[in-house]
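Q: Here are the chains, one letter per residue:
Protein chains: 2
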Amino acid sequence: MDITSETHSQHISKQFNQELEELKTHLMAMGGLVEKQVQEAVTALLDSDTRLAERVRDNDKAVNEMQLKIDDECTRVLARRQPAASDLRLVLAVTRATSDLERIGDEACKIARNAIALAEAGRQVHGFVEVRHISEHVRNMIRDALTAFTRFDTELALKVAQEDDAVDSEYTSAMRSLMTFMMEDPRSISSILSVMWILRALERIGDHADNLAEYVIYLVKGLDVRHRNIHSLDDSSLTGKG
Amino acid sequence: MDITSETHSQHISKQFNQELEELKTHLMAMGGLVEKQVQEAVTALLDSDTRLAERVRDNDKAVNEMQLKIDDECTRVLARRQPAASDLRLVLAVTRATSDLERIGDEACKIARNAIALAEAGRQVHGFVEVRHISEHVRNMIRDALTAFTRFDTELALKVAQEDDAVDSEYTSAMRSLMTFMMEDPRSISSILSVMWILRALERIGDHADNLAEYVIYLVKGLDVRHRNIHSLDDSSLTGKG
Chain A
186 MDITSETHSQ HISKQFNQEL EELKTHLMAM GGLVEKQVQE AVTALLDSDT RLAERVRDND
246 KAVNEMQLKI DDECTRVLAR RQPAASDLRL VLAVTRATSD LERIGDEACK IARNAIALAE
306 AGRQVHGFVE VRHISEHVRN MIRDALTAFT RFDTELALKV AQEDDAVDSE YTSAMRSLMT
366 FMMEDPRSIS SILSVMWILR ALERIGDHAD NLAEYVIYLV KGLDVRHRNI HSLDDSSLTG
426 KG
Chain B
186 MDITSETHSQ HISKQFNQEL EELKTHLMAM GGLVEKQVQE AVTALLDSDT RLAERVRDND
246 KAVNEMQLKI DDECTRVLAR RQPAASDLRL VLAVTRATSD LERIGDEACK IARNAIALAE
306 AGRQVHGFVE VRHISEHVRN MIRDALTAFT RFDTELALKV AQEDDAVDSE YTSAMRSLMT
366 FMMEDPRSIS SILSVMWILR ALERIGDHAD NLAEYVIYLV KGLDVRHRNI HSLDDSSLTG
426 KG
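Sequence lines, in order, name chains A and B.
For the first sequence, the working numbering gives the first residue as 186, with consecutive numbering after it.
For the second sequence, the working numbering gives the first residue as 186, with consecutive numbering after it.
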């Protein structure tokens, strides 16, 4: 049932093969844009750069357009090529992945909007160290998940899922300490709430990157691991290194 | 390009037609369960009923299982029947819809978890009136979106999108007043934060119901209206009543 890059290149129809490659290329381009959106939204926050935050907000249109375009390509491939087995899984995995990338883009926008609110309030607030730290984590997760997708690399996909557990626990501890600061200084409530929404957005981005990693396993193994704890799966059966 | 229930019943293959009908039936069953989860999560909150909240949390597994089962059916139909045009759109719309229903289920779980935390804290808090009100709104949206799906009813789908605007504005005003209460009584911060997470979950549920409504328009009109303001579309062109 396993597929590799090789089997995908053995299509009788060279044109069909090219279409599948293009789907992947376009998905990677969308992933690159989305990752940049997350990075710039966080930079805008940390540097109180309202103009950059506005650019992130405006660029969301481009992310949405890419989703519609890639989904449309997927529908065309399904209608014209009627793919089966691993090709069908690739097309379905791409269309699911665009949905998660688009939602990551939405979360980047939310971060940008809160960055604007915080810059306007002009107060130095708590939680920026945690935001920087967690944002680095989730950006690595997006990048690794996309690399895993291109390379059909289930081992890397499993690593993304493990990173998500780390992000969740960092998030929980950051939220707890922010709540303490709120109680100590009620005047900071509004600003700290904005930082909480930002942390929440980052945590959701981690979840979406985790979804992307699950599609890689579905793609390669034909195994739908959504809603399972993929750590509990036999590593060797997934990585082929057993 | 329009389709109606009639065209779907004119398939040469009776078996194929039956498979498509089953997809819809199973999606409706999943929708019914998810709507019940939302209702029970909110009831658990309003009645401080921890046991009911725990049942909602445990039932999420059933929601997830339904998603995997329906998605698997969709994949089988794509592989075996190689549907085109409106049939292909139906299968793709069903698989997208399961993803939104599953996420509504996740949000119901979040409400249930916060209901447990609030019942344990044992404090009467602000915002319950707003929670009840917004939850009634979003449950109507889910129900209408699912009905619109079964009946290929774009007019009802547009109504769902309009409801979502109302939910968003109720949500914003509820959040604002909760923040004021927090500032007035810092001891209530932790409880009010729980209510804020619940309102956020309800607002997200509204967004997912809105997505379901967009798939109905895609399904019937072959028009991908995601990321457009569907109110700005010419109503008569969508409802066929122009």
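Honestly, I wouldn't trust all of these hints.
Where chains are identical, the list cannot tell them apart; a pair therefore holds if satisfied intra-copy or between any two copies.
[As the list claims (entries may be wrong)] Using 27 angstroms as the maximum straight-line C-alpha spacing, the simulated DSSO-like pairs for lysine-lysine come out as follows:
{"#": "1", "residue 1": "344", "residue 2": "246"}
{"#": "2", "residue 1": "221", "residue 2": "199"}
{"#": "3", "residue 1": "295", "residue 2": "406"}
{"#": "4", "residue 1": "199", "residue 2": "344"}
{"#": "5", "residue 1": "199", "residue 2": "295"}
{"#": "6", "residue 1": "246", "residue 2": "199"}
{"#": "7", "residue 1": "406", "residue 2": "221"}
{"#": "8", "residue 1": "246", "residue 2": "221"}
{"#": "9", "residue 1": "344", "residue 2": "221"}
{"#": "10", "residue 1": "246", "residue 2": "209"}
For the record, the hints were derived by calculation from the structure and aren't laboratory data.
Q: All hints, please: hold or fail.
A: Results for each hint:
no. : hint        : in the structure
1   : 344 <-> 246 : between (31 angstroms within a copy, 24 angstroms between copies)
2   : 221 <-> 199 : neither (33 angstroms within a copy, 49 angstroms between copies)
3   : 295 <-> 406 : neither (35 angstroms within a copy, 31 angstroms between copies)
4   : 199 <-> 344 : neither (34 angstroms within a copy, 46 angstroms between copies)
5   : 199 <-> 295 : neither (42 angstroms within a copy, 48 angstroms between copies)
6   : 246 <-> 199 : neither (33 angstroms within a copy, 43 angstroms between copies)
7   : 406 <-> 221 : neither (30 angstroms within a copy, 34 angstroms between copies)
8   : 246 <-> 221 : within (14 angstroms within a copy, 35 angstroms between copies)
9   : 344 <-> 221 : within (21 angstroms within a copy, 36 angstroms between copies)
10  : 246 <-> 209 : within (21 angstroms within a copy, 32 angstroms between copies)
Hint compliance for this structure: hints 2, 3, 4, 5, 6 and 7 are broken, all remaining hints hold.
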